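Undergrad: In case you want the letters, here they are:
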Amino acid sequence: MRTARLIVTTCVLGMVIACSGSSVNGELLVSAAASLTDAFGEVESAFEEENRDVDVVLNLGSSTALREQILEGAPADVFASANTSNMDQVVEAGEAAGEPEIFVTNRLQIAVPAGNPGGVSGLEDFAREELLIGLCGENVPCGDFGRQALENAGVTPSLDTNEPDVRALLTKIENDELDAGIVYVTDVLSSPPGEVEGIDIPTEVNVVAEYPIAVLASAPNPDAAAAWIEFVLSEGGQAILTSYGFTSP
Amino acid sequence: MESALGRGLEAGFGLRRGDSFRIDLRLSIPAGTTVALLGPNGAGKSTAVSAIAGLLPIDSGSISLAGITLDEPAAGVLVPPEARRIGVVFQDFLLFPHMTVIDNVAFGLRSRGVSRAEAMDRARAWLERLDLTGFERRKPPQLSGGQAQRVALARALVIDPDLLLLDEPLAALDVTTRVGLRRALARHLDDFPGPRLVITHDPTEAFLLADEVHIVEDGAVTQSGSPDEIRLRPRTAYAADLAGSNLLFGEATRGQVVVGSHLIHLAERDVDGEVLLTIRPSAISVHRIEPEGSQRNTWQTSIAVMERLGERTRIGTGAPLPLTVELTSEATNDLDLEVGKTVWLAIKATEIGVEAGSVETRSE
Amino acid sequence: MSRRTLRPPPLMVFLGSIGLAIFVVPFAGLLARVPWSDLLTLLADDFVTDALRLSLVTSLAATLIAVIVGIPLAWIMARLEFPGRSLVRGLVTLPLVLPPVVGGAALLFALGRRGLVGEPLNQATGLLLPFSTWGVVVANTFVAMPFLVITVEGALRNLDQRFEGAAASLGAGRWTVLRRVTLPMIGPSLVAGLVLTWARAFGEFGATITFAGNLQGRTQTMPLAVFVALESDRDTAVALSLVMVIVSLAVLVGLRERWWKAL
Chain G
1 MRTARLIVTT CVLGMVIACS GSSVNGELLV SAAASLTDAF GEVESAFEEE NRDVDVVLNL
61 GSSTALREQI LEGAPADVFA SANTSNMDQV VEAGEAAGEP EIFVTNRLQI AVPAGNPGGV
121 SGLEDFAREE LLIGLCGENV PCGDFGRQAL ENAGVTPSLD TNEPDVRALL TKIENDELDA
181 GIVYVTDVLS SPPGEVEGID IPTEVNVVAE YPIAVLASAP NPDAAAAWIE FVLSEGGQAI
241 LTSYGFTSP
Chain R
1 MESALGRGLE AGFGLRRGDS FRIDLRLSIP AGTTVALLGP NGAGKSTAVS AIAGLLPIDS
61 GSISLAGITL DEPAAGVLVP PEARRIGVVF QDFLLFPHMT VIDNVAFGLR SRGVSRAEAM
121 DRARAWLERL DLTGFERRKP PQLSGGQAQR VALARALVID PDLLLLDEPL AALDVTTRVG
181 LRRALARHLD DFPGPRLVIT HDPTEAFLLA DEVHIVEDGA VTQSGSPDEI RLRPRTAYAA
241 DLAGSNLLFG EATRGQVVVG SHLIHLAERD VDGEVLLTIR PSAISVHRIE PEGSQRNTWQ
301 TSIAVMERLG ERTRIGTGAP LPLTVELTSE ATNDLDLEVG KTVWLAIKAT EIGVEAGSVE
361 TRSE
Chain V
1 MSRRTLRPPP LMVFLGSIGL AIFVVPFAGL LARVPWSDLL TLLADDFVTD ALRLSLVTSL
61 AATLIAVIVG IPLAWIMARL EFPGRSLVRG LVTLPLVLPP VVGGAALLFA LGRRGLVGEP
121 LNQATGLLLP FSTWGVVVAN TFVAMPFLVI TVEGALRNLD QRFEGAAASL GAGRWTVLRR
181 VTLPMIGPSL VAGLVLTWAR AFGEFGATIT FAGNLQGRTQ TMPLAVFVAL ESDRDTAVAL
241 SLVMVIVSLA VLVGLRERWW KAL
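Residue numbers (my numbering), protein chains in the order written: chain G, 1 to 249; chain R, 1 to 364; chain V, 1 to 263.
Do not take every clue at face value.
[What the hints assert, rightly or not] Some chain G residues near chain V, calculated using beta-carbon distances under 10 Å:
#1 Asn-59
#2 Ser-62
#3 Leu-132
#4 Gly-134
No lab work stands behind these hints, which were simulated from the structure alone.
Source: prediction; values computed, not measured.
By construction, the Cβ of each residue, glycine as well, lies at the ideal position given by its N, Cα and C atoms.
Just chain G, same shape as in the assembly:
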């Protein structure tokens, strides 16, 4: 008799804890595009402040690589992609729980090493053979968009490398291994001061990248996942994101 009462009490208590909104707990695995590295890093700190029992783990990489992981069944709670096409594929495969929402937009910018050794002034310079030009691979969002922008501008680039994600490309530019590349505005801002210079791309040829976010269907911790997205979309979350150069949708 006493044992039964103990079990019931524990169950009720457990249910109360589980149902109470802001006290989510456990591990939260967020797969996010590489361009969100720094912004989501701060969001993580803020979120964990508010939700002491949650341990957020950020899994960063190119949206394409992350999409592959999800389709192969890698465990994750949230997917934040740098373009809609990768998210669409996840939705089509039935891996998304509910409708994805656009939480930020981003724009492209030319990045050059500090001092602009190649003397780059615009997208036209990407056709110069003597320069070392890098883009992201065409199958990752930043590479796809970059190529679109160049096409919009009518420039055929003299390409020297396709980097696997935007962070890898940025690192090469920071180290003066490349003369120029196309990254996101947020990447130039997040780079350590004095390492990289940004050159604007005219609005008419630039591409706006929409970043969708969604809870995944097989999320181990759907409650925490929902809380995360709520936070990202909230005023607090958006303030953090815009401070890194993103734009609210």
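Use these hints to put chains R and V onto chain G, whose structure you have.
TA: Coordinates of chains R and V only, in the frame set by chain G:
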């Protein structure tokens, strides 16, 4: 017109290895003579071989061959091994295992720029001379010990060297093969016109192959001379014990050996054919009158030579069988021995060492 | 003889089978994904042929460089006494232990545009290794050459040097001794070392993508192509992987028993 001496080996050198080991040697080998360096293992013989072959530089002195200085530190002369015209037969033969017999033999010629065709011809000729026709395409692992030794010999001789250097040439062979090949080796050595140096730890080998023997102990020569001289006047215990044996060739029939005009009885009845008998000088007893007893090997002879060496005396006897006998000097005095006196010798059959000295076999 | 002595111990067989499964199962997984009907079309694509050509050219070039400078290095390490020999041996072995990406980063710091050697070299001659096919060769050589050096050094140490003395006594100069005696006698080890070196160069990824970059036809070797294709075109990735497995397997199986012993 060169003297025979001018075409030989002249060496007088010192070499230090490591902290403690040092050798000092003096050798003079005229063309057409065989010198043996005889000594126990560790005496420095292999070091001497390496120095002469050019694999080790000497520290002092000089080595010259056929009138050309090969190594002289004081004058700053050091000829590398590949430029010395020395044919070396190594202890383990060191035939190149990945090459055929004929390629091994031709190696020295090819390395010196001789055309392939000519090298092969000359190699083939030497293989024939050493009874190895048909073995050209074999590989060293497929050869017997005796065959390998002959290939090594051919390989050294084909380059027409100024000096033939043999490092323990028979040591790697089993006893039977060794005895069988010793005669053949003696013949090949005699056929070689230049100077020949044989390194060995086997006294019988040294005494049979060499005209002159240098005994090496602890890095220095303790005695040099012809085999007979050493046998008669051994200067050290090693020389006396190991190098001083009498060596007799004879024909045996059912345990009885004819040596010259004399008959020797062996302990074994079951011995036939050509034999080599070894008798230690101290195993022969000397008597003034015919000894009594069951010993069958007794005969009367006279004292031809007598050498007093401190507490020991060595006697050389005359007909019918010249032997070297060793007595204590005390016994010599007691028996009142003098050159020219008649004495009786007795040898126990069991003290006679027997080696089946087979006729060199043509095929193995 | 009782049958008991002939039967292998069950525990050995059991554990050994698990060990074998670790090797077999991934390849079985790969084979199961191969789009057999489209295979030939996929393999005929530029993307694949460019990658295959680059992989073969750069891996063979790296192996050749390893032979030209690696054998002399191995000879020095095996035969000469000099201070700091163990340090040298440690350095040579380092690429075997380091993650390839670290190797690539190191190469960048040394030979990149702002590199220790790369910067003066670039300013003097205009030569730049990153983002070029020669950069791939350098990356491959860096990670693969240790195999050859270590194998050859070991073989030279175990070689009875008296054979070289015998050759010299017969009149062979140092070069002839090396060519006709030393190298043939370490033959099996040399071959095994060469094959390992080539195989390692063929499969190199981390150092290549970090140092040489990734561009089809210029630096995108097969491993890089597989990496890229995995995200965009799964079928092509599988086809490429299959080619790599077959080529590597053919070489390793072709390396006959007697050379395996030298490894």
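Undergrad: Now look at each hint and say whether the structure bears it out.
TA: Each hint tested on the structure:
1. The beta carbon of Asn-59(G) is not positioned within 10 Å of any beta carbon in chain V (closest approach about 15 Å), and the interface hint is therefore violated.
2. Checking Ser-62(G) against chain V: minimum C-beta separation of about 7 Å stays under 10 Å; hint holds.
3. With its C-beta approaching chain V no nearer than about 6 Å, Leu-132(G) sits inside the 10 Å limit, and its interface hint holds.
4. Hint on Gly-134(G) holds. Least Cβ distance to chain V is approximately 7 Å, under the 10 Å limit.
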